[in-house]
Every structure is written in C-alpha cells, then in structure tokens.
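Peer 1: With the hints as constraints, model all of the structure from the sequences given.
Chains as they are written, first to last, in numbering that gives the first Met the number 0: chain A, 0 to 314; chain B, 0 to 482; chain C, 0 to 279.
Quick caveat, the hints were computed from the structure, so don't treat them as lab data.
Hints are supplied without guarantee of correctness; some may be wrong.
Coverage of chain B stretches by chain C, computed from C-beta distances (three or more under 8 Å per stretch; other residues unrestricted) [stated by the list, open to error]:
# : stretch
1 : 78 to 90
2 : 225 to 235
3 : 430 to 436
Just a sample of chain B residues kept apart from chain C, beta carbon distances all over 12 Å, derived [claimed, not checked]:
#  : residue
4  : Arg93
5  : Gly134
6  : Gly143
7  : Gln202
8  : Leu341
9  : Arg357
10 : Arg384
11 : Asp450
12 : Lys459
By construction, the Cβ of each residue, glycine as well, lies at the ideal position given by its N, Cα and C atoms.
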Amino acid sequence: MSFYGLVDGTEASLKKYLDSLSGVDQVGADARAAMLATRSIKTTSKRWAIDTAITMVDLTTLEGADTAGKVKALCTKAVRPDPTDSSVPSVGAVCVYNDMVAIARTHLDLIGGQHVGVAAVSTAFPSGRASMQVKIQDTKDAVEAGASEIDMVIDRGAFLSGRYIEVFDEIVKIREVCGTKAHLKVIFETGELVTYDNVRKASFLAMAAGADFIKTSTGKVTPAATAPVVLVMLEAVRDFYAMTQVRIGVKPAGGIRNTKDAIKQLVLVNETAGPEWLKPSLFRIGASALLNDLLMQRMKMDDGYYASPQYVTID
Amino acid sequence: MEEKLSFEYAPAPESRALVSIKPKYGHFIGGKFVAGSKHFPTINPATEEVLSQIARGGKSDVDAAVKAASKAYTTTWSKMSGKERGKYLFRIARIMQERSREFAVLETLDNGKPIRESRDVDVPLAAAHFFYHAGWADKLEYAGLGTTPKAHGVAGQIIPWNFPLLMLAWKVAPALAAGNTVVLKPAETTSLTALLFAEVCQQAELPAGVVNIVTGDGSTGALIVNHPGIDKIAFTGSTEVGKIIARAVAPTNKSVTLELGGKAANIIFEDAAIDESVEGIVNGIFFNQGHVCCAGSRLILQESIADEVLEKLKNRMAKIRVGDPMDKNTDLGAINSKEQLLKIRELTAVGDSEGAQRWSAPCDLPGKGFWFAPTIFTGVTQAHRIAREEIFGPVLSVLTFRTPQEAIDKANNTPFGLSAGIWSEKGSKVLWASQQLRAGVIWANTFNKFDPTSPFGGYKESGWGREGGRHGLSAYLKGVSHE
Amino acid sequence: MSNRIDVKKTYKLFINGAFPRTESGRTYEVKNAKGAFIANPCLASRKDLKDAVVAARAAQHGWNKATAYNKGQILYRLAEMLEGRRAQFVDEIVTVTGVSKAKAEKEVTDSVDRLVWYAGWSDKISSLSGALNPVAGPFYNFTIPESMGVIAAIAPETPSLLGLIDSIAPIIVGGNTVIVLASTKAPLSAMSFAEVIATSDVPAGVINILTGKKDEITPWMASHMDIDGLDISGLGAKKHVEVKSAGSENLKRIYSFKSADPGRILAFMENKTVWHPIGL
Chain A
0 MSFYGLVDGT EASLKKYLDS LSGVDQVGAD ARAAMLATRS IKTTSKRWAI
50 DTAITMVDLT TLEGADTAGK VKALCTKAVR PDPTDSSVPS VGAVCVYNDM
100 VAIARTHLDL IGGQHVGVAA VSTAFPSGRA SMQVKIQDTK DAVEAGASEI
150 DMVIDRGAFL SGRYIEVFDE IVKIREVCGT KAHLKVIFET GELVTYDNVR
200 KASFLAMAAG ADFIKTSTGK VTPAATAPVV LVMLEAVRDF YAMTQVRIGV
250 KPAGGIRNTK DAIKQLVLVN ETAGPEWLKP SLFRIGASAL LNDLLMQRMK
300 MDDGYYASPQ YVTID
Chain B
0 MEEKLSFEYA PAPESRALVS IKPKYGHFIG GKFVAGSKHF PTINPATEEV
50 LSQIARGGKS DVDAAVKAAS KAYTTTWSKM SGKERGKYLF RIARIMQERS
100 REFAVLETLD NGKPIRESRD VDVPLAAAHF FYHAGWADKL EYAGLGTTPK
150 AHGVAGQIIP WNFPLLMLAW KVAPALAAGN TVVLKPAETT SLTALLFAEV
200 CQQAELPAGV VNIVTGDGST GALIVNHPGI DKIAFTGSTE VGKIIARAVA
250 PTNKSVTLEL GGKAANIIFE DAAIDESVEG IVNGIFFNQG HVCCAGSRLI
300 LQESIADEVL EKLKNRMAKI RVGDPMDKNT DLGAINSKEQ LLKIRELTAV
350 GDSEGAQRWS APCDLPGKGF WFAPTIFTGV TQAHRIAREE IFGPVLSVLT
400 FRTPQEAIDK ANNTPFGLSA GIWSEKGSKV LWASQQLRAG VIWANTFNKF
450 DPTSPFGGYK ESGWGREGGR HGLSAYLKGV SHE
Chain C
0 MSNRIDVKKT YKLFINGAFP RTESGRTYEV KNAKGAFIAN PCLASRKDLK
50 DAVVAARAAQ HGWNKATAYN KGQILYRLAE MLEGRRAQFV DEIVTVTGVS
100 KAKAEKEVTD SVDRLVWYAG WSDKISSLSG ALNPVAGPFY NFTIPESMGV
150 IAAIAPETPS LLGLIDSIAP IIVGGNTVIV LASTKAPLSA MSFAEVIATS
200 DVPAGVINIL TGKKDEITPW MASHMDIDGL DISGLGAKKH VEVKSAGSEN
250 LKRIYSFKSA DPGRILAFME NKTVWHPIGL
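Peer 2: Structure follows, in structure tokens:
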C-alpha cells in the first residue's frame, strides 16, 4: 500500500506525520461554525439545498429490534420518499446492520431501487470492542451480502491511549476486505474523542490509511455531528486534497434532525471544502427523522403554506 | 465529465420597512427634538441614495445644548441618587434590546456595514454597554477610585462613523453612570442611529437635558471642544484630530480622553492553530470593512509558515461575500464615504508604487456606491508607507519574521499602540509576547473581541485613557483622572 | 357589596422550577395579624430538603457557566417581574404582618431596588475581587473568585420579602445555587416570589424555596454533606453554635450577615490562583 506516500506503515512514520499537523483552537473553530450558521438560505437556493440534501441522506435503521419488515419499509421510503410526488429524488443509500444487508439489497432491486446503495455498519459497531478477527468477518459478511459501502468504527480505546498505529492498521485491514466492491467510511465517534485536535488527528490518520469517507459518529452517542466538528473534518479533507489531489468524503451522522440543520451542513461544506464536495459521492448525512422534515419543507416551498406530518409517510 | 457544482445563495434581503427615516432632522436638546439649520445630505454609501438631511450644528445650537446639559446636571442629575440614575440606564438598555432590529437596519443603511454585523455585533454590544454601566451608577464607591467619587459635570463627546451606535454607547453609558450629563456629536456621515437613540431616551423618560445630541461636522465638534461650559471631553477619531484637540485643551482645565488610530500587528507564530489564525487575520482586517481603529492591518507572519498561510488566506478571502449590506449573507459592505474610498485608493496606489505586490479577492463590485475589494500586499517591510500609515480600509500589509523578538520589534516599531494579535498554541509564548507588546489591547488566539467589562484604549499616539471596565469609568470621575 | 367567592391560592414549595407539595403531606397554619386563618403552607420535610439539594446541585454547573451578563439580565428580570406585581406583594405583607400599607410599599420598593443592585454586581465582582499578583518570577499569576457550589440559607422572619431577597440574590450572583427556608410566620411573600422566579428565565434548580419550621430543617441543612455553605442570617444567635458544629463535618462555610454589601457575594466564592510561566 502506498498511503499516498505520506507514511510508510511504520509507527515512527505515522507519529511523524501526525505530529506535523497544526492544532485546532476550539473557541476559534466554534466561532467560525457559528458564523456560517448565520447564512440565510432562501428561495431558489433553499429549494436546491433541500433536494441536494435528500440525495445525500443515508436513510438509517440500526436498532436491536430491526426486522425484515422494518428494513423493507425503509428501503421503499429510500427509493420513493414521497409516494405522491415522483419529482422527489431517492436518497443516497440505506444504512443497516450487516445481517440485514441481503434483505435490503434484494428488496431495493425488487422495487426499482438499483441505484440506491446499501451501507452496512461493521467492525463491532457501535462500540468497536471485539477482536480483529471478528471485525474482519463482520465486514466480509456485509460485503458478500451486497453492501456497496462499509461504515466501520475506529477503536477509540486505542486512539485515546495513543496506540495510533493499531487504529491505522485496523483501517488498512478493513480497507483490504472492502477491496473494489465497497467504499469505506471510517467512523470516529467524535463525542468520545472530545477535542478538535483529536478529530483532526483522526481525520488525517484515517485518510492516509485508505478511508474513502470520514464519518463523525455512530449516532448512539451525544454529542454527535456538531457544526464545529464537521468544520474541522471538512478542513482536513480540504487540506488532504491540497497534499494528494484526492478528495475524501465527509459524513456527519446523528443530531441532524431538521432542514435547517441539513442546510447548515451544506453551507459548511460549501464554504470550507468547497462546492466540489456538494454531491453524494463526497458528502452524506446519516439520519432518519430528517427526511420527513426535508419533505415537509419541500412541500411548503412548492405550496406556499406550512405542511403537516400527516402528509408524509412514517416509513 | 464532472458537472461544475456551485451553491449560489439567493438574495436574502433584510426589510427596510422596519425603519422610518424622516426627510429632515434637527438636534435633540433639552429632551426635545428641535429644528436645525444648514442641512446637508446623509447618504447610503451602498447605493448613494440620499437618506435624509442632517443639520450642521452652529454656535447657538452648541450653546443651547451645553446650557441644557449644565442645567440638567445642576438641578436634576447631580442631585439624583446613583440608584435612580442607574435605573434610567437599565431602561435604556432594555429599550435598545427591544428595538434592536430597527437599530440594526438603520445602522446598516447609514453606515454601509453588513446587516449581519449590525445585528449580531454593534447593537447587542451597545445595549450591553448600557446594561453594564447601569450597574455602576450605585456602586461608584466600590470602584476603587475613591470613597466619594464625583462627576465632572458636562461631558462633550465626539464620535466617529465606523461604529456609530456602539461608539455612542461607549461614551454615553459611563458618562451618565458616573453622574455627568452629555452633549454628543455623532459623525457627519452617520447621525441617524444617534437620533433614534434620542427617541429611546424619551421612551425611557430620561430627564430633559441629560443627553443632548447635536449633529454636524468638524466645525461643530470644534465648538464643543472649545466651549467653556464643557468640563470633560471624550473623542474617538483620527490621531490627527486628536492632536488638535490635545493642543486646544492644553490651556484649560478640561479633562480629556482620546481614542485614536492604530496600525496593529497581528503576529502568527509557526505553532499557531493555522485555520483559526487565518480566520483571525480575516476578522482582524476585513471585519467592518477594515474601518476599525484596532484593525490587524499588519500581518506579521513567521517565515517558516508564510507560504502555507498566505495560500490559505487567499483561498479564504475568495469566499468573502462583498455586496449589498442589507443582504444577510454579505460579509463585506460598502466603504463609508467617497472621501474614505479615495483615501484607500490613494494609499494602495502608494503600495504599488513602493513595490509591494498587491492581490485582491476576485469579486463583482456593484456599480453604484463605494466599494473596495479585500486586498493584501505582500513583500511589505517596515519602511513602506502602507506598513506605517493607517489605511482604514480592507487592506492588509504582510510582513515576515524569523525570531519571536523580531516579531515583537516590528510590531512595536510604530507611533501607534492600540492593539495587537498573537497566534500560538504555546501558552508561555503567548504570555511572553503579550508582556513585550506595547499596545493597550492584546488579543491572543482571537481578534476584535469587545466587552463592556474589558478596558479598551491605546498606548502612545493611539490615545489617552481607556473605555469600558472599571478603568474606563475613572475617566468620568473628577480627581481620579490626571490633572 | 360583592357576593362573589374568590379563588384562594394553594401555597406549595418551589423545587427544581416546579411547585410540588411537600412529600410529607403536612401543612401548618398561617394567621393574619388579627389571628384569622389565611393559608396552609407546606411544612417542608428533610426529604423535601434532600430533593432541593439534588436539584440545586444538578443546576449549579450550568448556572455557573452562564456569562456574568446573562446572570445580571436574569436578576434584572426578577426585578422587572416583581415591580410588575407590586400590589400582590404589598397586600400579602399587610395581611400577614399587619404593618401599614405605606410600610409594605416601602419594603416592596426596596426589594425591587435591591434586586437591581445585585444584578449590577454580576459583571463587576471579579474585576474588583480578582487580581493580577506581582510574584517575584517570570509567571503570570492571577486570582479569580469562583462559585462555591450549593448554598443553603435561612431567611429572616422579617422583613419577609426584603430579607428573602438578601438570602437569595448575593448567593446566586456568585454562580452558586441556593435552597432557602422562608420566614415561618410570614411565608406568603416567599411563595409568591417563587412565582416571580418561575417567570424570569431562571433555570430550574437555581433557586429553591421551602416553607416550614427552622428547628426541623436547620439541623438537616447543617449536616447535609452536599451543601457547601450556609447563610444563617435568619437564625437566632442561640442556634449558631450547634449549626456550626454540625457543619464542621464537611467544613461548610457558615456566615451570618447584617446588611447588603458585596461581601455577601464574596463570602460564598472561592479564590482560585493560577500560575503560568512567561517565556518562549
């Protein structure tokens, strides 16, 4: 593996690479994110943002109680979010546990959703606490069942105790398992990493190790995808592009509940990494309740009056 | 073939309907709006549209105002307990908060600054200044300035056009809290929010004559400065005029505070948090179109990170949205006047002729109005005029340094001393640099932060005295200031 | 002469921003100056105190972190709300204590002004009490006053409103949260003041008010290990020794005050001194 020529795979070279990163001032990052949140996105740009956000949603169900029925309903919604309006685009992907992947893929293909991918969480999601063997098998199962995207979690225990080379090696191994069949998203669980310095470090580590996407959270821990955290990750992918000419994607997940939140994310992307990232192949939003709010806001823009939850489907 | 993506923000205009501007204004003297004369137009610098006609205060107007202020002081204000005085100031603060949107729109129309800044910075800070100082009125004996502190009497206050309402708050609030009455002259190009403030004084039932507003130009200001009935002078403006005032009051007993110009150094060390530093640079010089006395107008960049920072800075500058100040997404508004725009053009032309390399962010400037694109000059050294003279516009001069001491020496090598910025993640270095810098306000890992509790003012030719905090209060109490 | 029957108020405790009845189900009688029945306020129990302490502790971190400006505005809002309801408070003071209307008016006026006075301390106390200390070495050394935590207060029997304000405002200005035991004989002002608190954007748990008997509640306040300080201005001098004795178990800071001054704020603050080297 070449690791873009940034590291040679050894612990020493990884340490050198990570130590060369500049730090992040928390108050300054918070202020920049807060300023971008004041952008007023109206009329035509709001309509564009809503439709774009819909195409970026990774419609998610990750419950212990998930069943085939639940997953199939999710898939139908993912392909046709609004059964009364065919102009509403499909979402970016569905996101499920790996034992649901086959059910999802089959159902999507059945209902004309060939273009909607199936993302599977893996590597002992959400805790990441299991043997490497188990994590690899977890990933293999998902890929073989038809997942085109793998959302893995990093070992936060290893990261927080400074064993960065272990975190790095795990990503490398999972990337290998994905091969060319699936793209790899690496979840940091930023709520557990706590500091922005850690988020920046994790971003650069994951990108060098082969991540196709860096992702904020599992959605099981708060805080999740706060604006400053997403800002720091967008700055990282921007800087990485300057270093390597390769664009890595970003996925905030958790805490993005309504259209306002989603639009704030798009503004962050636009004014940090740049408009090149404003497409599903480089930006996704992990969410469930968000989709209906996007639909209701879309209705309001088209009809001119406020919508009611009665006019969107619950699944 | 990759589709060229872009996320254009549709216009998001704030509504003008919130304000009603009279076609003509007089002065506010003795609690009433009175007629003025020798009117001149005040315009919206973004469109050149005439907003109203403003009176040029002459001798009789200033005399009447000083008389009203003096009478109010003697008969009412000096006899009132601090407790009651304070409650008037609390009322003013609350009414300003209530009418904040109206104030913000009016400020943007008259000054040209983006509505986001009027709304999120100017007006909230102005209200906060009144709230803070309201609480001093009945606690003066605790301020550490003597056990029976006394007001001067009548304060003559002259404020600039860059933060019209905020500068009014910085002057009026402590003056009143300390027990003085005031005669205030807003800047020639930006009188409207001061006149709206007069309405707030009426709504708060402030006793007549405690606050008087006389509009006009430099000649009006001179009349106030030289009036024998004025006991204390507070001026914010150019160093040039500050010196004139200092000379004028030398033979008198008047107490004076001056808040003048600056050419602040913004020092970025190699161990700074780079992205936040870039934001700090942008904020430091492009906030308020660079019309800021404490603007970080000299970027002093450690050579080892110069290329990286400059590239990031240019990319960041290209994202600055220049245009209609009434659009909520505008970052950089109009230059306040034609006069100021010509000054900026003149000095930047000097920069070119002295051999510095100019780079401006690509942007579409509107046809009407006064505009200047955010600009940096690299290859600048101390011997350039653009490193020495205050441009008061969105123009940054970039210098480099090798060692920390060199950065300090360059930063201090100026007759000004208002502010400075330090960017480093190393605490001891930040404290070391703050100890070495000869400036009245030092921002470490931040810039352009203001708070009513935080004293503001400069060393050397940046002025005399401080505004805000306990230290700022002392200027408005007799016997505490220097004789 | 009106035949209308008026709707009489039920007076409850004020804990964690809500108005629960005492968990003990007990009440006591409050009579007016002529001996006629007025109301049955709650007779608070040690469990009510316990609940109030839990609420106060949970609220303390967030209240402490609020900016001084925000705290000042909230205190000023209390003054606004109290001023707006003068008549009710004047009425209650006259009814319960029998003083003249003029005297009651003055007490309410002073209470509003006292709140305004404390509101203005919020953003000034650390500028006056904090310090940059010129140590003999290359160090930045500064002392900052910080909040102590959860404070319990016993309000004086009279004046029932103004004394209550002095038992609440200086404590919370410093970033602490408070549980106050109101005047036993004249608790109505306190319970009505709880309504003022509830409409002034004060976060739940910052101020908690109990009504009841001093002999019952004080020992539990004195011995509670999660109370950091006590204001016993409302407690008779004879009881001070036993309170201080019980409070020594967790070294509570225990004070009694005679007037309103910034010392009341600083008494319930701790001074933190920080050193940091200056150098490259």
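Peer 1: With reference to the structure, classify each hint as holding or not holding.
Peer 2: Now for the hints, and whether the structure bears them out:
no. : hint       : verdict
1   : 78 to 90   : holds (count 4)
2   : 225 to 235 : violated (count 0)
3   : 430 to 436 : holds (count 3)
4   : Arg93      : violated, 8 Å
5   : Gly134     : violated, 2 Å
6   : Gly143     : violated, 7 Å
7   : Gln202     : holds, 16 Å
8   : Leu341     : holds, 40 Å
9   : Arg357     : holds, 34 Å
10  : Arg384     : holds, 32 Å
11  : Asp450     : violated, 8 Å
12  : Lys459     : holds, 22 Å
This entry does not satisfy hints 2, 4, 5, 6 and 11, going by the numbered hints stated previously.
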